[in-house]
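Novice: Counting from 0, one number per residue, gives the positions in the sequence shown under numbering that gives the first Met the number 0.
What the hints contain is simulated information worked out from the structure, not anything from laboratory work. From the three backbone atoms N, C-alpha and C, an ideal C-beta is built for every residue, glycine too. Do not rely on the hints blindly, as some may be mistaken.
Between beta-carbon pairs, the in silico distance windows are [to be verified]:
1. THR177 with LEU141: 23 to 31 angstroms
2. SER246 with GLY124: 19 to 27 angstroms
3. THR216 with THR130: 28 to 36 angstroms
Once the Cα atoms are required to be at most 27 angstroms apart in a straight line, the calculated DSS-like pairs of lysine-lysine come out as [claimed, not checked]:
4. LYS210 with LYS223
5. LYS210 with LYS131
6. LYS29 with LYS18
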Amino acid sequence: MTERMLDRIFNANLPAISKGEVALEAILAKYPQYAGELRPRFEAALWLQQAKQAVNPRSGYIISSRKYLEAQIESLRPIGFWQRLFRRYSPQRWVFNITAPIIVFLLLALVINSAVLTARLSIPGDPLYSTKLVIEDVQLALTFNQLDRTDLLIQRSHERALEFIELVIGGDYEYLPTAAVRMETEIIASLHSLTDMSFQNQTVEQSMTAKLRETLTNEIFMLKVLNASSPPSAYPGIELAMQIAQSGLMVLR
0 MTERMLDRIF NANLPAISKG EVALEAILAK YPQYAGELRP RFEAALWLQQ
50 AKQAVNPRSG YIISSRKYLE AQIESLRPIG FWQRLFRRYS PQRWVFNITA
100 PIIVFLLLAL VINSAVLTAR LSIPGDPLYS TKLVIEDVQL ALTFNQLDRT
150 DLLIQRSHER ALEFIELVIG GDYEYLPTAA VRMETEIIAS LHSLTDMSFQ
200 NQTVEQSMTA KLRETLTNEI FMLKVLNASS PPSAYPGIEL AMQIAQSGLM
250 VLR
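Can you make the complete structure from the sequences, with help from the hints?
Specialist: Structure, rendered in structure tokens:
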């Protein structure tokens, strides 16, 4: 009799509980004498219904799945020649094909320009100093006019002097002897270029000689100032550079 009563109560109230029309606790409160037996039955039935709803496909699932499969099959079909042609040269792809190489080229040019600028500002001991010397050699090799070549060599001798001064100011005294030798090399190259010019145009040669003389005079003055304000450990390198500049100046006289 009790089991039949439980079944009757269960079957009569489960639909309402499932739809949320009445709470489980309200039913159990209505039949307190059967609450212990009814609770596990209702909870088990509700759990099974929730699990069934989770497994059932959502509305429109079959239709959307079929459309997805049709689209996949369509994408796997061989594309005709004209379709490939128009797809390849669509306006968006045209824009991408044109702009992408330009952007890459501009970025590459920016990187190269930055590297060249960094190299030009380097001094002995810097990682890019050897690159700076290579750039100068290439520039000199591409300069065929004797006047421009001489002017470039004078600029290079002045650049070596500026590097020497930066080394002294920075306290990099171990690089001074090598920097002084580079100064000497550039001064000698400038003197040889002036000699070659004397056979072509003496007026221009005199103008370039005056420029080199002024450059060496200024360098000697700056080196003397440095020598007076530098520690004794820098004296040998500075004195060597002054001797080299003075020797070049004596040749010009």
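Novice: Now, for every hint given, state plainly whether the structure supports it.
Specialist: Tested hints:
Remark: the range hint 23 to 31 angstroms for THR177 to LEU141 is upheld by a beta-carbon distance near 26 angstroms. As the Cβ distance of SER246 to GLY124 is approximately 25 angstroms, the hint placing it in 19 to 27 angstroms holds. For the hinted restraint 28 to 36 angstroms between THR216 and THR130, the CB-CB distance of approximately 31 angstroms keeps it satisfied. A threshold of 27 angstroms between alpha carbons decides the hint, and for LYS210 with LYS223 the separation of about 20 angstroms falls inside it, so the pair holds.
A C-alpha spacing of about 24 angstroms is found between LYS210 and LYS131, which places the hinted pair at or below 27 angstroms, so the restraint holds. At roughly 18 angstroms between alpha-carbon atoms, LYS29 and LYS18 fall within 27 angstroms of each other, so this suggested pair holds.
When the structure is compared with the earlier hints, no violation turns up for any of them.
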